[in-house]
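Chemist: All chains should be built: construct the whole structure from the sequences, respecting the hints.
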Amino acid sequence: MNFINYISIVAIPIVILIILLYGFFEKKNVFDLFLKGAKSGFNTTIKIFPTLVGIFLAIGALSSSGILDFIINILAPIFAIFKIPTEILPLAILRPISGSGSMAIATDIMSKYGADSFIGLIAATIMGSTETTLYTIAIYTSSVNIKKTRFVLIASLMADITGTVASVVIWRILSKSFS
Amino acid sequence: MLNFFWPILIIISYIYAIFCGNVTNINNSIFGYTEVAVELFLTLLGTMTLWSGIIEIALNTKLIGRITKLLNPIISFLFPENKNDKKVRKEISMNITANLLGIGNAATPLGLKAMKSMQEKNNDKERLTNDMATFIILNTASIQIIPTTVIAIRMNLGSQEPTKIIFAVWFSTICAAIVGIAVTKLCIKL
Numbered sequence: 001m002n003f004i005n006y007i008s009i010v011a012i013p014i015v016i017l018i019i020l021l022y023g024f025f026e027k028k029n030v031f032d033l034f035l036k037g038a039k040s041g042f043n044t045t046i047k048i049f050p051t052l053v054g055i056f057l058a059i060g061a062l063s064s065s066g067i068l069d070f071i072i073n074i075l076a077p078i079f080a081i082f083k084i085p086t087e088i089l090p091l092a093i094l095r096p097i098s099g100s101g102s103m104a105i106a107t108d109i110m111s112k113y114g115a116d117s118f119i120g121l122i123a124a125t126i127m128g129s130t131e132t133t134l135y136t137i138a139i140y141t142s143s144v145n146i147k148k149t150r151f152v153l154i155a156s157l158m159a160d161i162t163g164t165v166a167s168v169v170i171w172r173i174l175s176k177s178f179s
Numbered sequence: 001m002l003n004f005f006w007p008i009l010i011i012i013s014y015i016y017a018i019f020c021g022n023v024t025n026i027n028n029s030i031f032g033y034t035e036v037a038v039e040l041f042l043t044l045l046g047t048m049t050l051w052s053g054i055i056e057i058a059l060n061t062k063l064i065g066r067i068t069k070l071l072n073p074i075i076s077f078l079f080p081e082n083k084n085d086k087k088v089r090k091e092i093s094m095n096i097t098a099n100l101l102g103i104g105n106a107a108t109p110l111g112l113k114a115m116k117s118m119q120e121k122n123n124d125k126e127r128l129t130n131d132m133a134t135f136i137i138l139n140t141a142s143i144q145i146i147p148t149t150v151i152a153i154r155m156n157l158g159s160q161e162p163t164k165i166i167f168a169v170w171f172s173t174i175c176a177a178i179v180g181i182a183v184t185k186l187c188i189k190l
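Chains U and S, in that order, give the protein sequences. For what it's worth, the working numbering labels the leading residue of the first sequence as 1, then goes sequentially. For what it's worth, the working numbering labels the leading residue of the second sequence as 1, then goes sequentially.
You may find that some hints are simply not true.
Unchecked claim - Per label pair, the in silico range of CB-to-CB distance: (1) U:Pro-77 - S:Ile-15: 19 to 27 Å; (2) U:Lys-28 - S:Asn-27: 37 to 45 Å; (3) S:Ile-174 - U:Lys-112: 22 to 30 Å; (4) S:Lys-125 - U:Val-53: 42 to 50 Å; (5) U:Ile-74 - S:Asn-3: 23 to 31 Å; (6) U:Ala-11 - S:Ile-30: 33 to 41 Å; (7) S:Asn-27 - U:Ile-18: 48 to 56 Å; (8) U:Ile-16 - S:Leu-190: 41 to 49 Å; (9) U:Ile-154 - S:Asp-124: 28 to 36 Å; (10) U:Asn-29 - S:Ile-18: 56 to 64 Å; (11) U:Asn-29 - S:Ile-174: 38 to 46 Å; (12) S:Ile-18 - U:Ala-80: 29 to 37 Å.
What the hints assert, rightly or not - A few chain S residues that face chain U, going by a derived Cβ cut-off under 10 Å, partial list only: (13) Asn-28; (14) Gly-32; (15) Pro-73; (16) Pro-80; (17) Thr-97; (18) Ala-98; (19) Lys-125; (20) Ile-136; (21) Thr-149; (22) Ser-159; (23) Ser-172; (24) Ala-176; (25) Ile-181; (26) Ala-182.
Simulated from the structure, these hints should not be mistaken for lab results. For each residue, glycine too, the CB sits at the ideal point set by N, CA and C.
Modeler: Below is the structure:
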């Protein structure tokens, strides 16, 4: 436990350290290279900003209108087929849409039911194994001005559903073998 | 995609809010979420600039060649169109490495860089190539070795064993990635 905690703390400094050591000992102009890359990273982010504002207008509309609760009620029977506990529903639906929103819900679920409870473990696993799909797709496509995204949304949402169902299934199996 | 979904999401939400009397919430959300976007932008601006710089150094050393060699079988399978493009393969393998290490902050700038390089060779600039689509799917699956953020939250909430979820996370993230890639490959063939 302490070991893994330690790894997660040293990972980033170690990565930077290794890269700088390589650059330095291969006698590259390390700082010039840094500036070159940093400038392009800066410009890319500036380019993304309008997309961000647009996406957040939609996320704000979704989460403050109360329509999410409505959607959850409609989808409840479908989730029942996959035996996904109803406590998880808001998280499962918000996860692909909003990173900060789903993190807030997951934290709420974990503190309400207990971090080590069945529901809490599922919530944590869903957070750890999925991404904010819509945001990722929007950023990746808009940074290169792509309009036609083809099957990307469908494929990634199917992956999200799989991740959610798998998180429930694995904890059903694990908690059975523990008790 | 967004030309369709973006207005639909907003229109439905606003109409729903008007009928349910939630208009005050909506009104507050409009400028509240603009601020959220600015906050995220500022965070992103710092990390994107920093990591793009660090990564530029890495791309110019022999380090990246070694990692690319290691990931070669996976990259060749997933991105056949770019089999012979050294630059793209390097950028993709850096992105995968950052994802695996759980450095999401670094994965995004790298991912966008790879997208840019793949876009340069794209004949139809408005349409994703097969490889670009596969690449986005891979990034939405976010396979990571240590899910640091969630472990930190579990620790804060007083979990007895914060790292207990690691195996379960591996299992579901791999299931999700396999399904995502399988659907992608199927859609490409159709």
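Chemist: It remains to establish, for every hint, whether it holds in the given structure.
Modeler: Consistency of the hints with the structure:
1. U:Pro-77 - S:Ile-15: 19 to 27 Å: 24 Å, holds
2. U:Lys-28 - S:Asn-27: 37 to 45 Å: Violated: the Cβ-Cβ distance is about 54 Å, outside 37 to 45 Å.
3. S:Ile-174 - U:Lys-112: 22 to 30 Å: 29 Å, holds
4. S:Lys-125 - U:Val-53: 42 to 50 Å: 24 Å, violated
5. U:Ile-74 - S:Asn-3: 23 to 31 Å: 25 Å, holds
6. U:Ala-11 - S:Ile-30: 33 to 41 Å: At roughly 39 Å between Cβ atoms, Ile-30 of chain S and Ala-11 of chain U fall inside 33 to 41 Å, so the hint holds.
7. S:Asn-27 - U:Ile-18: 48 to 56 Å: 50 Å, holds
8. U:Ile-16 - S:Leu-190: 41 to 49 Å: Between Ile-16 of chain U and Leu-190 of chain S, where Cβ atoms are some 43 Å apart, the hint holds.
9. U:Ile-154 - S:Asp-124: 28 to 36 Å: 20 Å, violated
10. U:Asn-29 - S:Ile-18: 56 to 64 Å: 59 Å, holds
11. U:Asn-29 - S:Ile-174: 38 to 46 Å: 41 Å, holds
12. S:Ile-18 - U:Ala-80: 29 to 37 Å: With Cβ atoms ~31 Å apart, the hint holds.
13. Asn-28: 7 Å, holds
14. Gly-32: Nearest chain U Cβ about 7 Å off; hint holds.
15. Pro-73: 21 Å, violated
16. Pro-80: Nearest chain U Cβ about 17 Å off; hint violated.
17. Thr-97: Check passed: Cβ of Thr-97 of chain S comes within 9 Å of chain U, closer than 10 Å.
18. Ala-98: Constraint on Ala-98 of chain S satisfied, holds at 8 Å.
19. Lys-125: 7 Å, holds
20. Ile-136: 5 Å, holds
21. Thr-149: The hint holds - Thr-149 of chain S has a Cβ within 10 Å of chain U, the shortest such distance being about 7 Å.
22. Ser-159: 4 Å, holds
23. Ser-172: 4 Å, holds
24. Ala-176: 3 Å, holds
25. Ile-181: Holds, about 8 Å.
26. Ala-182: Holds, because the Cβ-Cβ distance from Ala-182 of chain S to chain U comes to roughly 9 Å (cut-off 10 Å).
Against the hints set out earlier in the document, violations occur for numbers 2, 4, 9, 15 and 16.
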